[in-house]
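A.B. asks: Residues per chain, in single letters:
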Amino acid sequence: MGVAFVRGPLRAILTAGVFVSAFSGMAAAQTASSAEDARAIEFGKEIYKTKARCQFCHKWDGSGDQGYGGNALSLRVTQLTPDQVATTVKCGRPATEMPYHDKFAYTDKRCYGMTAADAGDSKPQIGNEFLQAREIDAVVAYLFARVVGKGPATYEDCLDFWGKDTQQCEPMKK
Amino acid sequence: MSSLRLGAKIAAAALLTTTLGAARAADMTFERALNADKEPQNWLLHHKNFQGHRYSQLKDINADTVKNLRLVQMMALGGLASGGRYENGNLEATPIVDDGMMYVPNGWGEVYALDLTSGRKVVTKWKMDPGIDRAWAGDVACCGVNNRGVALWKDKVISISLDGRMFAINRATGEVVWERKIAEPAVGETITAAPLILRDLAITGSAGGEFGIRGWIDATDLNTGKQVWRTYTIPGKGEPGNETWKDGKDRWQHGGASIWVTATYDAQADTFYQGIGNAGPDYDPEYRPGDNKWAASVLAMTPTDGKIKWGFQYTPNDPYDFDEISEHPIIDVNVGGATRKLVTHAARNGFYYSLDAVNGSFVGGRAYVDKLTWSKGLDPKTGKPLEYDPSLDVQPYVVNSHATRANPKGALKCPMTSGGKNWEPAAYNPELNTMYVPSAEGCNMLEGKQQADFVDQGGTAKPRDRFTGGSANYPTNEPIYGGLAALDPVTGETKAKIKLTYPNWSGVLATAGGLVFTGHMDGEITAYDAKTLKEMWSFNVGCGIMAPPITYAINGKQYLAVLSGPHWLRPKPEALKDQAACSMLNVFTL
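Those protein sequence lines, which keep their order, are chains A and B.
Going by numbering that gives the first Met the number 0, the letters in the first sequence line up with residues 0 to 173, in that order.
Going by numbering that gives the first Met the number 0, the letters in the second sequence line up with residues 0 to 589, in that order.
Some clues are possibly wrong.
Calculated pairs, EDC-like style, for lysine to aspartate or glutamate (alpha carbon to alpha carbon, straight line, at most 16 Å) [stated by the list, open to error]: (1) B:K556 <-> B:D98; (2) B:K448 <-> B:E573; (3) A:K102 <-> B:D577; (4) A:K50 <-> A:E128; (5) B:K124 <-> B:E86; (6) B:K571 <-> A:E169; (7) B:K571 <-> B:D528; (8) B:K530 <-> B:D63; (9) B:K494 <-> B:D369; (10) A:K50 <-> B:E86; (11) B:K180 <-> B:D132; (12) B:K308 <-> B:D369; (13) A:K163 <-> B:D132; (14) A:K102 <-> B:D154; (15) B:K245 <-> B:D199; (16) B:K461 <-> A:E169; (17) B:K576 <-> A:E169; (18) B:K124 <-> B:E238; (19) B:K494 <-> B:D528; (20) B:K306 <-> B:E238; (21) A:K50 <-> B:D577; (22) A:K50 <-> A:E134; (23) B:K408 <-> B:E446; (24) B:K58 <-> B:E86.
What the simulated footprint calls covered on chain B by chain A, stretch by stretch (three residues with Cβ under 8 Å from a Cβ of chain A suffice, anywhere in the stretch; the number is not a length) [said to hold, decoys possible]: (25) 34 to 43; (26) 465 to 475.
Derived by calculation from the structure, the hints in this document are not laboratory data.
For clarity, every value in this text was computed on a predicted model and none was experimentally measured.
From the three backbone atoms N, C-alpha and C, an ideal C-beta is built for every residue, glycine too.
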């Protein structure tokens, strides 16, 4: 799948750097679009946390984990582009524990040009819940806004993820 | 009606309820617990009796009548909130029933006292919500948000919560009389096992074998809510067994060996038998050379002081996460002309074992799963896997059946990481002298990753981090299904066995009606003939079952009850991919 997969809020984020300066006169439009971006990021966070259960395997901060969900890689240091991350979420990663989230993955050749028969034993497992394109965009938007390339997670990152009504972030308090 | 007359009516009704209540709810004494089988109308103890039989003498529901079983009562038990790594709590509890009242927790430890006497609508007498910090506790639960049950003591209900607390609750009102913080989530400890109550002591232990804990078993004085003793399941420096951690780096301090299922108890010897969990880190045995006692073992212990009488280790230097926490039914049987007391166990490693209750020596055992490939069998004298070599620090077992540092990708091995039989309880029919063992059938493979040292040992692994030295992986096309086996309880010989569509996470109930019951992940609850395991009746409650069925009687009428509230750790079978969460009590009668 090409860049076309990256739509809506995600595209807004990716291109924000360019467009914000170019259209700085359009303050109203910009506010509207950043509000939309913020919503997408929060929506994506919730999917990462609960619906798709990405955190079960990658840990809440995306730093990667082990145990019962494969040796899941760190999303904080991933070299993948947003587009590649979206493909990974949609299609999973063959022969690893990274599951797919596009309901129709491997029913045709949309994923890596492979059907289930082509993939055989290396076909990934089904994700916890299937995700629509809008949801995948949101997860990717969340990851690139808060996780990818951001260095080790901070106390503030923790509060952002878990909220303030839990002890979760106490161990990270300096 | 005038308000005065209404007032009088209310007062009269209240009086009536109180008197009835007082007459009904006999205090739970140790005497009653020892004789639980003499009250077949009640389900007083977690495993039905102290011996762990899950066998009911009730027989109105039997091979002839079971076809008439119908659903008569339902009740939503909640506890579906998300927390930590999990999107909802699920139901794994065995309810307790005394005189028409049921006491049952949901996954988040919210305890319900339910009046079932109408035989129709379930009336909630009270509910106690422990108010858990769900993110904090749920982030260090290895495998879901659960609570396997409560216990009765005198006029109290004793419950536990995932965040490591124990509660004494006024049985009449639901008021918390005291609570005690027992386990510490800050170091990865949680509690999910129903407490075992022996005299005035509540015995429980810590889960957390995937989070670098050092397991323990702990007794609380129920009169005071204070600790009486705590015994570590991994012996400390200078204690016998500590020498089986040969690393020289004090790996025993984070070696796992957790507790998360209620022990069985033999009154004659005043001894309880506690199954002990996997060694940690799970999949990097080179991190912890040696046999790693008492991980993957059973311990025979004295309730008054927590002293270990003997231990038997099933999988020394366990490299598979063969977490032997599950129950150890105690049976009195004739072996070669003499009556012997045996402690039995359908192990997660795929073998069934019977051990001498007095000294833990191996009596019999063999594989009960369809496929067992990590070992060629048990040594008939010692009960150890044939490949076990005490002179080795790290056990290879069947070559490449687990991860090693030189070869981190293990081959396909069976049973899979979750078992075999996991926590879901077996049942024993003493009349037929048959053990019913539910199972998950299938294979998976392990992928090692050298475990980083713990921070307090100079490394980077922090408390609450997963401390597993790799991962359990599941190839997609490998068939995963379930089994129900009827075994000779001494030798483990299979008398009958059927395949189930899904791995079994429900456990078994056996009855004098010549039936065994179990639930399934697609929501079926099924009765089988006790001898042939032929299906006799089945009903679908519309939502996956991963809790043990029980039976009891109210006003002489026999009921069957089971909770439905599924959770798939993973992998979820294709056929159930759209299964939703739920949290229901389902009650059947003729």
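A.B. asks: What are the numbers of the hints the structure violates, in ascending order?
C.D. replies: Failing hints, ascending: 2, 5, 6, 7, 12, 14, 15, 17, 18, 24, 25.
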